[in-house]
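Colleague: Sequence:
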Amino acid sequence: MTLAPEALSLPADNPFSRVWDTPFGLPPFAAITPEHIRPAFEAALAKHRSEIDALTTEAAEPDFANTIEALERAGRALSRVGGVFYNLTGADTNEALQAIEREMSPITSRHWSAIMMDPALFARVDAVFARRETLGLDVEQARLLERTHRGFIRSGAQLGPEDKTRLAAINERLAGLGTQFSQNVLKDESSYALIIADEAGLAGLPAFLTAAMARAATDRGHAGRHAVTLSRSIIEPFLTFSTRRDLREEAFIAWSKRGENGGETDNRAIVAEMVKLRAEKAKLLGFPTFAHFKLDDSMAKTPTHVRDLLELVWKPAKARAAQEAADLAALAQSEGENGPIRPWDWRHYAEKVRQQTYALDEAVLKPYLQLDRIINAAFDVAGKLFGLAFEAKTELKGYHPDVRIWEVKEEASGRHIGLFLGDYFARASKRSGAWMSAYRGQRNFDGEVRPIIVNVCNFAKPAEGKPALLSIDDARTLFHEFGHALHGLLSDVRYGSLAGTSVSRDFVELPSQLYEHWFLTSEVMQAYCLHAETKEPIPEALIDKIKMAQTFNQGFATVEYTSSALVDLAFHSLENPGEIDPLAFEAAELERIGMPAEIIMRHRTPHFTHVFSGDGYSAGYYSYLWSEVMDADAFNAFVEAGDVFAPAVANKLKRYIYSAGDTRDPAEAYTLFRGRLPTPDALLEKRGLAA
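Numbered by this note's numbering, the letters in the sequence shown go through residues 372 to 1062 in order.
Hints were generated in silico from the structure; no laboratory data involved. Here the structure is a predicted model, which is why all the values come from computation and not from measurement. C-beta atoms are modelled at their ideal positions from N, C-alpha and C, and glycine is treated no differently. One or more of the hints may lead you astray.
[Unchecked claim] The list that follows gives simulated cross-link-like pairs (lysine-lysine, BS3-like), each with its CA atoms no further than 30 Å apart:
# : residue 1 : residue 2
1 : K672      : K652
2 : K916      : K686
3 : K723      : K686
4 : K768      : K780
5 : K558      : K628
6 : K672      : K628
[Unchecked claim] Using C-beta positions, here's what the derived DEER-type ranges look like:
#  : residue 1 : residue 2 : range
7  : V1010     : P532      : 56 to 62 Å
8  : G1059     : G754      : 27 to 33 Å
9  : E1039     : A898      : 44 to 50 Å
10 : I478      : A958      : 36 to 42 Å
Whole structure, please, built from the sequences with the hints as guidance.
Modeller: This is the structure we're talking about:
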C-alpha cells in the first residue's frame, strides 16, 4: 500500500499514521499524546531520507521538475509532525514534550546537515542552477531555484569532508543548546511568583490588575492571595502602578535575572558556547564573523549597514531618554523620593508624568480595550483592506481550552482562505512573548493547500465572567501578531518554500508592524473601543490624547530596544570570541555606547530568547527597526491617498507584500508597492526623534 505523502507507516492508533479527515485538516489535538511524537518523528525522518535517496539516484539528467520540484515534495510528513510538535512546545508544553524536544533537536539537526551537505544531492541542484538561463523558468520558478541553491551553499554543501563533519557537529550542538536555553528561561519564568498576602502589598494597583493577579495566584495554588508573575501583562502594569518601591524592586530584579540565577537553569555558559560556535561556523563558511554570515542573506547585507541604522537612532534616543529621566527625577523629588531613578522606578513615574502631561490614565483607558472587541477590530481591518471575513468555529477544538478557531474566507466569493487559531492568555505551560506560527503552510503545487495559522499571546486572564482588558501595548501586540497571521493566511504562491513569512528576517516584520498602524486610527478606535461597563464609545478627546502621547517615553522605548540590538550585533561581530564572559561582555558594550543607568536592555543576554533559543534573530534583532523604516513609510502611502483603507493602495499591498511570500527580492517587492525604497525620515518622525 502506498501511503499519502504526509502519512507514516505507524500503528493505527498513532494519528500521524493517516491522512486527517478532520474539518479543514486541523490536527486532531485530543488524539495526539506525547507518546505518539517520538515514533512519528523517527518514521518521518526515515521517510524524508528515503525520498531524498530516490531523488539522488534518479537515472534521468537533473532538471527543474525531477530535482527542484522533487525537493519541494519531499518531507511533507516531517513538516506535519514538526508543525504540531514545535507549536505545542512553545504554547502548551509539559515535561514529556520538553524531554522529546531535548532528544530530537540534535537528531533533526543531524538529519538536515546530512541532506544539505549530501554531495550527490547538491550536484543535481548545482547542475540545474548552472543551466538556469536555458530552462525557460518563470519568475517564481527562478526564485525557487536561486533560493534552493543558495540554501545549500549556506549550509556547507561546497565544503570539504572534514569541514562538513565539523559544521554538522556545530549545528547539532547549537540545536541542543538553543533548546536548553529556551527551556531554562521558561522554567525561570513559570516557577517565579511574588505572592502578596496583605492589602498593603496592593497599594496603588487598579482593579483590572488585582483581578488578574488574583487569578494568577489561584492558578498557582494560592487562592485568596495575589501573585506578581513574570508575564509582561502582569509584571509591567505592576511596575507601573505599584506604590510599593520595595516590591517593585523585588519583582523587577527577578524579571531582569531570568536565566542567570545559578543552578541548572543558568544560561550564561550556554551563551558563551553558542557565540563561540557561531563564530566558528561563519569562518567555515567563508565569512569573517557570524554577523557577516547572517546578514549576507538579508536586506541589510552587512553589519556596517545595520550599525549605521542603529546608531542613527541611538544618539537622539539617548538624548531624549536623558530628558525623560530628568522629568521623572523631578517628579519623584516632588513626592519626597530623593534618590536616583532606578530601572524599577521608570515605568511608575513615567505613567505619572504621562497622566500629568496628557491627562492619559491607563486605568481609565483600559476598560475601552476589551480583548474580544480588539480581535474583532483586527478582523474588520482585514475585511476592509483585503476583503476577508472571519467565522467562529466553536465546534472545532484546539490544543488547549483557551484556543479559539475561526475560518477565514474571501468575503465576496466565500472561498476558503485558511484557519486562524487565537491563543491569547498567559499560562505556565507557555513561553513568554507573543508570536505567529503555522500548523500548515500554504502552497499551490500539486493542488491547492490553504494554511492553518496560529497567534499566541500572553495577556492576563480575567476573573471568571469578567472581560479581558488590554493595555495600549497589548492591543498593538495583538494587531502586530495578526499582521504576521495575515502574511501567512493571504499567501498565494506555488511553492511552499517561498510561502507566507518565508522571507528575509529584516523583511518579515514589515507586514506585522505596518498592521499596528490601523489600530490607532480614529476609524477603528471609535468603532471598537467601547467601555466594558457603560458600552459608550471611546471619547474623541481620549483618542486625541492617545495619539499625542504616542511619542511619549520614546527615548526609553528606543534605548531599551536599540541597546538590545547593539549587544546582539556586538556578540556576533566577534571574530574570535574565545572564552567569553557574556555578562562582562554585555556590560562592556553597554558602557561603550553610554547606556543610561536608569534603563536596562529590553532583553538581557541570559534570557534573550530571540537570539539564543535558536538561530532566528541572532545577529538580527535590529530587524524590527529595519522594518520600521519601511512600515512608517508604507502607511504614509494610505495617508497620502487620503483614506486609511484606500482600495488601490490596499490591492498593491496585498499583491506585492502580504500574498507574495519570498517570490521576489524584498527590495524589489517594496519598490513595486511604494514606487521607491524608504528613508529613515518617517521612522524618526514616528518615534518623535526627528531633529
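Colleague: Look at each hint and say if it fits the structure.
Modeller: Hints versus structure:
Of the supplied pair hints, the one linking K672 and K652 holds, its CA atoms being roughly 18 Å apart against a limit of 30 Å. This hinted pair checks out: K916 and K686 have alpha carbons roughly 27 Å apart, not beyond 30 Å. Distance check on the hinted pair: K723 and K686 sit about 26 Å apart at the alpha-carbon level, within 30 Å; holds. For the suggested pair K768 and K780, the alpha carbons sit about 19 Å apart, so the restraint of at most 30 Å is met.
A threshold of 30 Å between alpha carbons decides the hint, and for K558 with K628 the separation of about 13 Å falls inside it, so the pair holds. Annotation: proposed proximity of K672 to K628 is violated, straight-line Cα distance about 33 Å (limit 30 Å). Between V1010 and P532 the CB atoms are about 57 Å apart, so this pair conforms to the stated range of 56 to 62 Å. Distance hint check: the CB atoms of G1059 and G754 are about 32 Å apart, consistent with the given range 27 to 33 Å.
Remark: the range hint 44 to 50 Å for E1039 to A898 is contradicted by a beta-carbon distance near 36 Å. A hinted range of 36 to 42 Å for the beta carbons of I478 and A958 is consistent with their spacing of about 37 Å.
Checked against the numbered hints given earlier, the structure breaks hints 6, 9 and satisfies all the rest.
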